[in-house]
Amino acid sequence: MEKVVIAAAKRTPIGKINGALKNFTSVDLGTIVTKAVMNQANIKPSDVDQVVFGNVIQAGAGQNISRQIEINSNIPYCSTANTVNQVCGSGLKAVRNAQAAIVMGDADVVIAGGVESMSNAPFLNMDVRSGHKFGNVTLIDSLNNDALMDAFNKQPMGVTAENVAEKFNVSRKEQDEFAYQSHMKAANAFDNGYFDKELIPIEIKNKKSSYIMKEDENIRRDTSIEVLNKLRPAFKENGTVTAGNAASLNDGASALVLMSESAAKRLNVKPLAVIDGYAEAGCDPDYMGYAPYDATKSLFDKLNITMNDIDLVELNEAFAAQVLAVAHDYDIDMDKLNISGGAISMGHPLGDSGARIVGSLIYNLQRTNQKSGLATICIGGGMGMAMKITLL
1 MEKVVIAAAK RTPIGKINGA LKNFTSVDLG TIVTKAVMNQ ANIKPSDVDQ
51 VVFGNVIQAG AGQNISRQIE INSNIPYCST ANTVNQVCGS GLKAVRNAQA
101 AIVMGDADVV IAGGVESMSN APFLNMDVRS GHKFGNVTLI DSLNNDALMD
151 AFNKQPMGVT AENVAEKFNV SRKEQDEFAY QSHMKAANAF DNGYFDKELI
201 PIEIKNKKSS YIMKEDENIR RDTSIEVLNK LRPAFKENGT VTAGNAASLN
251 DGASALVLMS ESAAKRLNVK PLAVIDGYAE AGCDPDYMGY APYDATKSLF
301 DKLNITMNDI DLVELNEAFA AQVLAVAHDY DIDMDKLNIS GGAISMGHPL
351 GDSGARIVGS LIYNLQRTNQ KSGLATICIG GGMGMAMKIT LL
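Per UniProt numbering, residue 1 is the first one in the sequence shown, and the count goes up by one each step.
Just so you know, the hints here were simulated from the structure itself, not pulled from any lab data.
Please read these numbers as outputs of a predicted model, since none were measured by experiment.
Do not take every clue at face value.
Quick list of the computed label-pair ranges, beta carbon to beta carbon [stated by the list, open to error]:
(1) Leu303 with Thr368: 30 to 38 Å
(2) Asn206 with Asn39: 46 to 54 Å
(3) Ala151 with Pro233: 19 to 27 Å
(4) Cys78 with Asp222: 45 to 53 Å
(5) Leu392 with Lys302: 53 to 61 Å
(6) Gly282 with Thr390: 25 to 33 Å
(7) Asn23 with Glu226: 32 to 40 Å
(8) Ala151 with Gly193: 39 to 47 Å
(9) Asn39 with Asp335: 32 to 40 Å
(10) Cys78 with Ser130: 28 to 36 Å
(11) Ser46 with Arg367: 29 to 37 Å
(12) Arg367 with Lys22: 26 to 34 Å
Calculated pairs, SDA-like style, for lysine to any residue (alpha carbon to alpha carbon, straight line, at most 25 Å) [claimed, not checked]:
(13) Lys3 with Asp309
(14) Lys44 with Gly105
(15) Lys297 with Thr390
(16) Lys3 with Lys371
(17) Lys302 with Val103
(18) Lys154 with Ile140
(19) Lys336 with Ser298
(20) Lys154 with Glu166
(21) Lys35 with Ala20
(22) Lys270 with Asn23
(23) Lys167 with Met184
(24) Lys167 with Pro156
(25) Lys16 with Asp196
(26) Lys336 with Lys371
(27) Lys173 with Asp335
(28) Lys3 with Asn39
(29) Lys185 with Glu215
(30) Lys270 with Met1
(31) Lys214 with Asn72
(32) Lys197 with Phe123
(33) Lys336 with Gln366
(34) Lys197 with Gln181
(35) Lys336 with Met307
(36) Lys336 with Asn308
(37) Lys154 with Lys197
(38) Lys197 with Thr80
(39) Lys16 with Asn206
(40) Lys16 with Lys167
Don't be surprised by glycine CBs; every beta carbon is placed ideally from N, CA and C.
Model the full assembly from the supplied sequences, consistent with the hints where possible.
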(Lines of atoms letter the chains of each structure in order from A and count residues from 1; the text may use other names and numbers.)
(Lines give C-alpha, C1' and ligand atoms only; values in the text may rest on other atoms or scores of the structure.)
Protein backbone atom coordinates (compact mmCIF):
# COMPACT_ATOMS: atom_id res chain seq x y z
CA MET A 1 0.00 0.00 0.00
CA GLU A 2 1.46 3.34 -1.06
CA LYS A 3 2.18 5.81 1.72
CA VAL A 4 0.36 9.12 1.92
CA VAL A 5 2.42 12.20 2.71
CA ILE A 6 1.58 15.72 3.81
CA ALA A 7 3.21 18.27 1.52
CA ALA A 8 1.93 21.54 2.99
CA ALA A 9 0.00 22.88 5.98
CA LYS A 10 -1.31 26.37 6.62
CA ARG A 11 -3.96 28.10 8.73
CA THR A 12 -5.55 31.47 9.22
CA PRO A 13 -5.25 33.33 12.48
CA ILE A 14 -8.21 32.39 14.67
CA GLY A 15 -10.76 35.12 15.35
CA LYS A 16 -13.18 35.57 18.21
CA ILE A 17 -16.87 35.20 17.44
CA ASN A 18 -18.02 38.53 15.97
CA GLY A 19 -14.39 39.58 15.97
CA ALA A 20 -11.85 40.37 13.28
CA LEU A 21 -12.97 37.59 10.92
CA LYS A 22 -16.73 38.11 11.26
CA ASN A 23 -17.08 39.34 7.68
CA PHE A 24 -15.33 36.28 6.23
CA THR A 25 -17.60 33.36 5.37
CA SER A 26 -16.47 29.76 5.69
CA VAL A 27 -15.95 29.74 1.93
CA ASP A 28 -13.80 32.87 2.15
CA LEU A 29 -11.60 31.41 4.87
CA GLY A 30 -11.34 28.03 3.17
CA THR A 31 -10.33 29.66 -0.11
CA ILE A 32 -7.56 31.62 1.62
CA VAL A 33 -5.95 28.51 3.09
CA THR A 34 -6.45 26.42 -0.06
CA LYS A 35 -4.59 28.92 -2.21
CA ALA A 36 -1.89 29.19 0.45
CA VAL A 37 -1.15 25.46 0.63
CA MET A 38 -1.02 25.12 -3.15
CA ASN A 39 1.53 27.90 -3.16
CA GLN A 40 3.50 26.34 -0.30
CA ALA A 41 3.65 22.93 -2.00
CA ASN A 42 4.44 24.63 -5.33
CA ILE A 43 1.69 22.76 -7.13
CA LYS A 44 -0.74 24.01 -9.77
CA PRO A 45 -4.52 24.03 -9.30
CA SER A 46 -4.69 21.48 -12.13
CA ASP A 47 -2.64 19.05 -10.01
CA VAL A 48 -5.44 18.79 -7.43
CA ASP A 49 -7.88 15.89 -7.81
CA GLN A 50 -10.13 16.51 -4.81
CA VAL A 51 -10.87 19.03 -2.08
CA VAL A 52 -12.30 17.88 1.27
CA PHE A 53 -13.15 20.28 4.09
CA GLY A 54 -14.71 19.63 7.46
CA ASN A 55 -17.44 22.05 8.48
CA VAL A 56 -20.10 21.80 11.18
CA ILE A 57 -22.58 24.67 10.84
CA GLN A 58 -23.59 24.39 7.19
CA ALA A 59 -27.08 25.94 7.07
CA GLY A 60 -27.21 28.96 4.79
CA ALA A 61 -23.69 28.54 3.41
CA GLY A 62 -24.80 27.25 0.01
CA GLN A 63 -24.30 23.87 -1.58
CA ASN A 64 -21.23 21.87 -0.58
CA ILE A 65 -18.81 24.54 0.66
CA SER A 66 -15.80 22.41 -0.32
CA ARG A 67 -16.84 22.68 -3.96
CA GLN A 68 -17.24 26.43 -3.58
CA ILE A 69 -13.77 26.64 -2.04
CA GLU A 70 -12.39 24.48 -4.84
CA ILE A 71 -13.83 26.55 -7.68
CA ASN A 72 -12.93 29.84 -5.97
CA SER A 73 -9.34 28.59 -5.71
CA ASN A 74 -9.19 28.16 -9.51
CA ILE A 75 -9.03 24.38 -9.31
CA PRO A 76 -10.46 22.98 -12.57
CA TYR A 77 -14.11 21.95 -12.79
CA CYS A 78 -13.08 18.35 -13.53
CA SER A 79 -11.84 17.95 -9.95
CA THR A 80 -14.36 17.04 -7.25
CA ALA A 81 -15.10 18.07 -3.68
CA ASN A 82 -17.05 16.95 -0.63
CA THR A 83 -17.79 18.41 2.77
CA VAL A 84 -17.48 16.42 6.01
CA ASN A 85 -19.46 16.92 9.22
CA GLN A 86 -18.32 14.91 12.22
CA VAL A 87 -18.67 17.81 14.63
CA CYS A 88 -15.34 18.80 16.24
CA GLY A 89 -13.55 16.00 14.42
CA SER A 90 -14.61 17.22 10.97
CA GLY A 91 -11.23 18.66 10.00
CA LEU A 92 -9.32 15.57 11.07
CA LYS A 93 -11.86 13.33 9.33
CA ALA A 94 -11.32 15.36 6.17
CA VAL A 95 -7.61 14.57 6.40
CA ARG A 96 -8.44 10.90 6.93
CA ASN A 97 -10.86 10.84 3.99
CA ALA A 98 -8.22 12.43 1.78
CA GLN A 99 -5.72 9.80 2.86
CA ALA A 100 -8.23 7.03 2.14
CA ALA A 101 -9.02 8.42 -1.33
CA ILE A 102 -5.34 8.36 -2.20
CA VAL A 103 -4.76 4.86 -0.80
CA MET A 104 -7.78 3.55 -2.73
CA GLY A 105 -6.51 5.06 -5.97
CA ASP A 106 -9.34 7.56 -6.33
CA ALA A 107 -6.96 10.52 -6.24
CA ASP A 108 -3.27 11.37 -6.23
CA VAL A 109 -3.40 14.87 -4.76
CA VAL A 110 -6.05 16.05 -2.30
CA ILE A 111 -6.41 19.28 -0.36
CA ALA A 112 -7.95 18.54 3.03
CA GLY A 113 -8.84 20.91 5.81
CA GLY A 114 -11.40 22.34 8.14
CA VAL A 115 -13.22 25.64 8.46
CA GLU A 116 -15.78 27.29 10.68
CA SER A 117 -17.32 30.74 10.80
CA MET A 118 -19.24 30.67 14.05
CA SER A 119 -19.88 34.39 13.61
CA ASN A 120 -22.02 33.59 10.56
CA ALA A 121 -24.08 30.79 12.08
CA PRO A 122 -27.70 31.56 11.14
CA PHE A 123 -30.85 31.52 13.23
CA LEU A 124 -33.45 29.08 11.94
CA ASN A 125 -37.23 28.99 11.83
CA MET A 126 -38.82 25.56 11.57
CA ASP A 127 -42.48 26.60 11.32
CA VAL A 128 -42.95 29.06 8.45
CA ARG A 129 -42.64 26.55 5.61
CA SER A 130 -45.76 24.69 6.72
CA GLY A 131 -47.70 27.92 7.09
CA HIS A 132 -47.68 30.26 10.07
CA LYS A 133 -51.06 31.96 10.45
CA PHE A 134 -50.76 34.00 13.61
CA GLY A 135 -48.61 34.87 16.61
CA ASN A 136 -44.94 34.84 17.45
CA VAL A 137 -42.39 32.60 15.83
CA THR A 138 -39.40 30.90 17.43
CA LEU A 139 -35.87 31.16 16.09
CA ILE A 140 -33.41 28.34 16.70
CA ASP A 141 -29.75 29.25 17.05
CA SER A 142 -27.94 26.89 14.69
CA LEU A 143 -24.69 27.49 16.57
CA ASN A 144 -26.19 26.14 19.75
CA ASN A 145 -28.51 23.52 18.26
CA ASP A 146 -26.24 22.00 15.60
CA ALA A 147 -22.84 22.44 17.22
CA LEU A 148 -22.84 22.91 20.98
CA MET A 149 -25.81 20.90 22.23
CA ASP A 150 -25.83 17.15 22.84
CA ALA A 151 -28.50 15.72 20.53
CA PHE A 152 -29.43 12.92 22.93
CA ASN A 153 -29.74 14.55 26.35
CA LYS A 154 -30.16 18.15 25.17
CA GLN A 155 -27.30 19.26 27.37
CA PRO A 156 -24.55 21.73 26.45
CA MET A 157 -21.13 20.28 25.72
CA GLY A 158 -19.97 21.98 28.91
CA VAL A 159 -22.15 19.66 30.97
CA THR A 160 -20.39 16.66 29.43
CA ALA A 161 -17.11 18.25 30.54
CA GLU A 162 -18.51 18.54 34.06
CA ASN A 163 -19.37 14.83 33.87
CA VAL A 164 -15.79 14.01 32.92
CA ALA A 165 -14.40 16.23 35.69
CA GLU A 166 -16.54 14.45 38.27
CA LYS A 167 -15.92 10.92 37.03
CA PHE A 168 -12.16 11.33 36.69
CA ASN A 169 -11.65 13.63 39.70
CA VAL A 170 -10.30 16.63 37.82
CA SER A 171 -10.34 19.62 40.17
CA ARG A 172 -11.16 23.25 39.39
CA LYS A 173 -7.62 24.16 40.45
CA GLU A 174 -6.11 21.75 37.92
CA GLN A 175 -8.36 23.02 35.14
CA ASP A 176 -7.56 26.67 35.78
CA GLU A 177 -3.83 25.97 35.98
CA PHE A 178 -3.97 24.11 32.67
CA ALA A 179 -5.92 26.94 31.03
CA TYR A 180 -3.39 29.49 32.29
CA GLN A 181 -0.51 27.47 30.88
CA SER A 182 -2.32 27.19 27.52
CA HIS A 183 -2.47 30.99 27.24
CA MET A 184 1.14 31.43 28.33
CA LYS A 185 2.42 28.82 25.87
CA ALA A 186 0.46 30.34 22.98
CA ALA A 187 1.65 33.86 23.81
CA ASN A 188 5.23 32.63 24.02
CA ALA A 189 4.85 30.82 20.70
CA PHE A 190 3.74 34.00 18.94
CA ASP A 191 6.43 36.09 20.63
CA ASN A 192 9.11 33.70 19.40
CA GLY A 193 7.75 33.21 15.87
CA TYR A 194 6.83 29.56 16.38
CA PHE A 195 3.67 29.96 14.28
CA ASP A 196 5.33 31.82 11.42
CA LYS A 197 5.47 28.77 9.13
CA GLU A 198 1.84 27.79 9.56
CA LEU A 199 0.06 31.14 9.86
CA ILE A 200 -1.29 33.20 6.94
CA PRO A 201 -1.53 36.92 7.77
CA ILE A 202 -4.92 38.30 6.72
CA GLU A 203 -5.80 41.88 5.83
CA ILE A 204 -8.74 43.09 7.90
CA LYS A 205 -10.55 46.03 6.31
CA ASN A 206 -12.61 48.42 8.41
CA LYS A 207 -14.65 51.39 7.21
CA LYS A 208 -11.78 53.85 7.46
CA SER A 209 -8.65 51.73 7.68
CA SER A 210 -7.17 48.26 7.48
CA TYR A 211 -4.59 46.19 9.30
CA ILE A 212 -2.86 42.83 9.02
CA MET A 213 -4.05 40.16 11.44
CA LYS A 214 -1.03 38.06 12.41
CA GLU A 215 -2.07 36.52 15.71
CA ASP A 216 -4.92 34.50 17.16
CA GLU A 217 -7.41 36.93 18.63
CA ASN A 218 -8.40 34.84 21.62
CA ILE A 219 -5.09 34.68 23.51
CA ARG A 220 -5.22 36.42 26.89
CA ARG A 221 -1.67 37.47 27.64
CA ASP A 222 -2.72 39.29 30.79
CA THR A 223 -4.68 36.49 32.41
CA SER A 224 -3.62 34.89 35.67
CA ILE A 225 -4.52 32.00 37.92
CA GLU A 226 -6.24 34.52 40.19
CA VAL A 227 -8.38 35.88 37.36
CA LEU A 228 -9.34 32.39 36.23
CA ASN A 229 -10.18 31.34 39.81
CA LYS A 230 -12.73 34.17 40.08
CA LEU A 231 -14.84 33.04 37.11
CA ARG A 232 -18.19 31.46 37.88
CA PRO A 233 -19.11 27.95 36.73
CA ALA A 234 -20.68 28.26 33.29
CA PHE A 235 -22.77 25.11 33.03
CA LYS A 236 -23.58 23.74 36.47
CA GLU A 237 -24.14 25.20 39.92
CA ASN A 238 -21.05 24.51 42.02
CA GLY A 239 -19.40 23.06 38.93
CA THR A 240 -15.78 23.42 37.85
CA VAL A 241 -16.03 24.24 34.12
CA THR A 242 -15.88 27.97 33.37
CA ALA A 243 -15.51 30.24 30.37
CA GLY A 244 -11.83 30.43 31.30
CA ASN A 245 -10.99 26.73 31.27
CA ALA A 246 -13.08 25.86 28.21
CA ALA A 247 -12.55 26.65 24.55
CA SER A 248 -14.29 29.70 23.14
CA LEU A 249 -16.41 30.38 20.03
CA ASN A 250 -14.30 31.23 17.01
CA ASP A 251 -13.72 31.63 13.28
CA GLY A 252 -10.83 30.10 11.33
CA ALA A 253 -9.61 27.64 8.72
CA SER A 254 -6.74 25.23 8.08
CA ALA A 255 -5.68 23.20 5.06
CA LEU A 256 -3.13 20.56 4.15
CA VAL A 257 -1.96 19.10 0.85
CA LEU A 258 -1.93 15.30 0.86
CA MET A 259 -0.50 13.20 -1.94
CA SER A 260 0.85 9.76 -2.70
CA GLU A 261 4.60 9.27 -2.46
CA SER A 262 4.71 8.68 -6.20
CA ALA A 263 2.86 11.95 -6.85
CA ALA A 264 5.33 13.78 -4.63
CA LYS A 265 8.20 12.42 -6.71
CA ARG A 266 6.42 13.19 -9.98
CA LEU A 267 5.66 16.76 -8.93
CA ASN A 268 9.09 17.24 -7.36
CA VAL A 269 7.52 18.03 -3.98
CA LYS A 270 9.42 17.57 -0.73
CA PRO A 271 6.94 16.20 1.85
CA LEU A 272 6.74 17.44 5.42
CA ALA A 273 5.39 14.27 7.04
CA VAL A 274 3.87 10.86 6.42
CA ILE A 275 0.62 9.55 7.90
CA ASP A 276 1.30 6.34 9.81
CA GLY A 277 -2.16 5.46 11.02
CA TYR A 278 -5.60 6.57 12.13
CA ALA A 279 -8.35 5.33 14.42
CA GLU A 280 -11.61 6.53 15.88
CA ALA A 281 -13.76 5.26 18.72
CA GLY A 282 -17.11 5.93 20.34
CA CYS A 283 -18.16 6.32 23.96
CA ASP A 284 -21.15 7.39 26.05
CA PRO A 285 -22.13 10.86 24.75
CA ASP A 286 -22.37 12.06 28.36
CA TYR A 287 -18.58 11.68 28.60
CA MET A 288 -17.65 12.64 25.05
CA GLY A 289 -14.48 14.46 26.11
CA TYR A 290 -12.83 11.24 27.22
CA ALA A 291 -13.12 9.59 23.80
CA PRO A 292 -9.59 10.57 22.66
CA TYR A 293 -8.36 8.00 25.17
CA ASP A 294 -10.33 5.25 23.42
CA ALA A 295 -9.33 6.43 19.94
CA THR A 296 -5.67 6.60 20.92
CA LYS A 297 -5.81 3.13 22.45
CA SER A 298 -7.33 1.78 19.24
CA LEU A 299 -4.65 3.49 17.16
CA PHE A 300 -1.80 2.26 19.33
CA ASP A 301 -3.15 -1.29 19.30
CA LYS A 302 -3.37 -1.13 15.51
CA LEU A 303 0.22 0.13 15.17
CA ASN A 304 1.58 -1.94 18.07
CA ILE A 305 3.10 1.11 19.76
CA THR A 306 2.81 2.91 23.11
CA MET A 307 2.87 6.53 24.26
CA ASN A 308 6.62 6.08 24.76
CA ASP A 309 6.92 5.98 20.95
CA ILE A 310 5.36 9.45 20.62
CA ASP A 311 7.50 12.59 20.81
CA LEU A 312 4.75 15.24 20.82
CA VAL A 313 0.98 15.20 21.34
CA GLU A 314 -1.67 17.63 20.11
CA LEU A 315 -4.81 16.88 22.12
CA ASN A 316 -7.49 19.40 21.24
CA GLU A 317 -8.44 21.52 24.20
CA ALA A 318 -12.22 21.56 24.07
CA PHE A 319 -12.20 21.66 27.87
CA ALA A 320 -9.33 21.50 30.33
CA ALA A 321 -11.22 18.79 32.24
CA GLN A 322 -11.24 16.32 29.37
CA VAL A 323 -7.65 17.00 28.32
CA LEU A 324 -6.44 16.39 31.86
CA ALA A 325 -8.50 13.21 32.25
CA VAL A 326 -7.13 11.73 29.03
CA ALA A 327 -3.57 12.90 29.74
CA HIS A 328 -3.65 11.39 33.22
CA ASP A 329 -5.02 8.02 32.18
CA TYR A 330 -2.62 7.74 29.25
CA ASP A 331 0.27 9.03 31.36
CA ILE A 332 1.12 11.71 28.80
CA ASP A 333 4.20 13.71 29.72
CA MET A 334 2.86 17.26 30.07
CA ASP A 335 6.10 18.61 28.60
CA LYS A 336 5.19 17.07 25.23
CA LEU A 337 1.48 18.00 25.28
CA ASN A 338 0.27 21.02 23.29
CA ILE A 339 3.64 22.71 23.59
CA SER A 340 2.51 25.88 21.77
CA GLY A 341 -0.87 26.15 23.46
CA GLY A 342 -4.20 24.86 22.27
CA ALA A 343 -7.87 25.62 21.74
CA ILE A 344 -8.42 27.14 25.19
CA SER A 345 -5.98 29.92 24.32
CA MET A 346 -5.99 29.94 20.51
CA GLY A 347 -9.67 29.21 19.94
CA HIS A 348 -11.79 26.31 18.69
CA PRO A 349 -13.49 26.95 15.32
CA LEU A 350 -15.26 23.60 15.39
CA GLY A 351 -14.75 22.22 11.89
CA ASP A 352 -11.25 23.65 11.72
CA SER A 353 -9.60 22.29 14.86
CA GLY A 354 -8.97 18.71 13.75
CA ALA A 355 -7.00 19.91 10.75
CA ARG A 356 -5.33 22.70 12.71
CA ILE A 357 -3.80 20.34 15.27
CA VAL A 358 -2.18 18.25 12.51
CA GLY A 359 -0.51 21.32 11.03
CA SER A 360 0.60 22.60 14.43
CA LEU A 361 1.96 19.16 15.26
CA ILE A 362 4.09 19.12 12.10
CA TYR A 363 5.69 22.48 12.83
CA ASN A 364 6.19 21.73 16.52
CA LEU A 365 8.01 18.53 15.56
CA GLN A 366 10.16 20.49 13.12
CA ARG A 367 10.99 23.16 15.65
CA THR A 368 11.99 20.68 18.35
CA ASN A 369 13.88 18.34 16.00
CA GLN A 370 11.62 15.40 16.80
CA LYS A 371 9.87 12.87 14.59
CA SER A 372 6.77 11.14 15.92
CA GLY A 373 3.51 12.94 16.66
CA LEU A 374 -0.05 12.17 17.78
CA ALA A 375 -3.06 14.36 16.97
CA THR A 376 -6.27 13.49 18.81
CA ILE A 377 -9.62 15.17 19.37
CA CYS A 378 -12.94 14.65 21.17
CA ILE A 379 -16.22 14.89 19.29
CA GLY A 380 -19.74 15.81 20.34
CA GLY A 381 -22.04 12.81 20.43
CA GLY A 382 -19.42 10.65 22.13
CA MET A 383 -16.58 10.01 19.69
CA GLY A 384 -12.85 10.52 19.40
CA MET A 385 -10.23 10.45 16.63
CA ALA A 386 -6.49 9.91 16.65
CA MET A 387 -3.85 10.14 13.93
CA LYS A 388 -0.13 9.39 14.08
CA ILE A 389 2.36 11.11 11.80
CA THR A 390 6.12 10.96 11.32
CA LEU A 391 8.13 13.96 10.25
CA LEU A 392 10.19 13.49 7.09
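> Measuring from beta carbon to beta carbon, are Arg367 and Lys22 in 26 to 34 Å?
Replying inline: Distance hint for Arg367, Lys22 holds at roughly 31 Å.
> Does Lys214 pair with Asn72 here, judged by a C-alpha cut-off of 25 Å?
Replying inline: holds, 23 Å
> Quick one: are Cys78 and Asp222 within 45 to 53 Å, going by C-beta?
Replying inline: About 51 Å separates the Cβ atoms of Cys78 and Asp222, which means 45 to 53 Å holds.
> CA of Lys44 to CA of Gly105, is that 25 Å or under?
Replying inline: Distance of about 20 Å is within 25 Å: holds.
> When you take the CB atoms of Asn23 and Glu226, is the distance between them in 32 to 40 Å?
Replying inline: holds, 36 Å
> Going straight from one Cα to the other, do Lys197 and Gln181 come out at no more than 25 Å?
Replying inline: At roughly 23 Å apart (the allowed maximum being 25 Å), Gln181 and Lys197 satisfy the hint.
> Can the restraint linking Lys336 and Asn308 be considered satisfied, given a maximum Cα separation of 25 Å?
Replying inline: Roughly 11 Å separates the two Cα atoms, so the pair holds.
> Between Leu303 and Thr368, does the C-beta distance stay in 30 to 38 Å?
Replying inline: The hint (30 to 38 Å, Cβ to Cβ) is violated, given that Leu303 and Thr368 are roughly 22 Å apart.
>> Range first: 28 to 36 Å. Now tell me if the beta carbons of Cys78 and Ser130 are that far apart.
In response: violated, 41 Å
>> Against the range 53 to 61 Å, how does the distance between the Cβ atoms of Leu392 and Lys302 compare: consistent or not?
In response: violated, 21 Å
> Within 25 Å, alpha carbon to alpha carbon, are Lys297 and Thr390?
Replying inline: holds, 18 Å
> Holds or violated: Lys16 with Lys167, Cα cutoff 25 Å?
Replying inline: violated, 31 Å
Comparing the model with each numbered hint stated earlier shows that hints 1, 2, 5, 10, 22, 23, 32, 37, 38, 40 do not hold.
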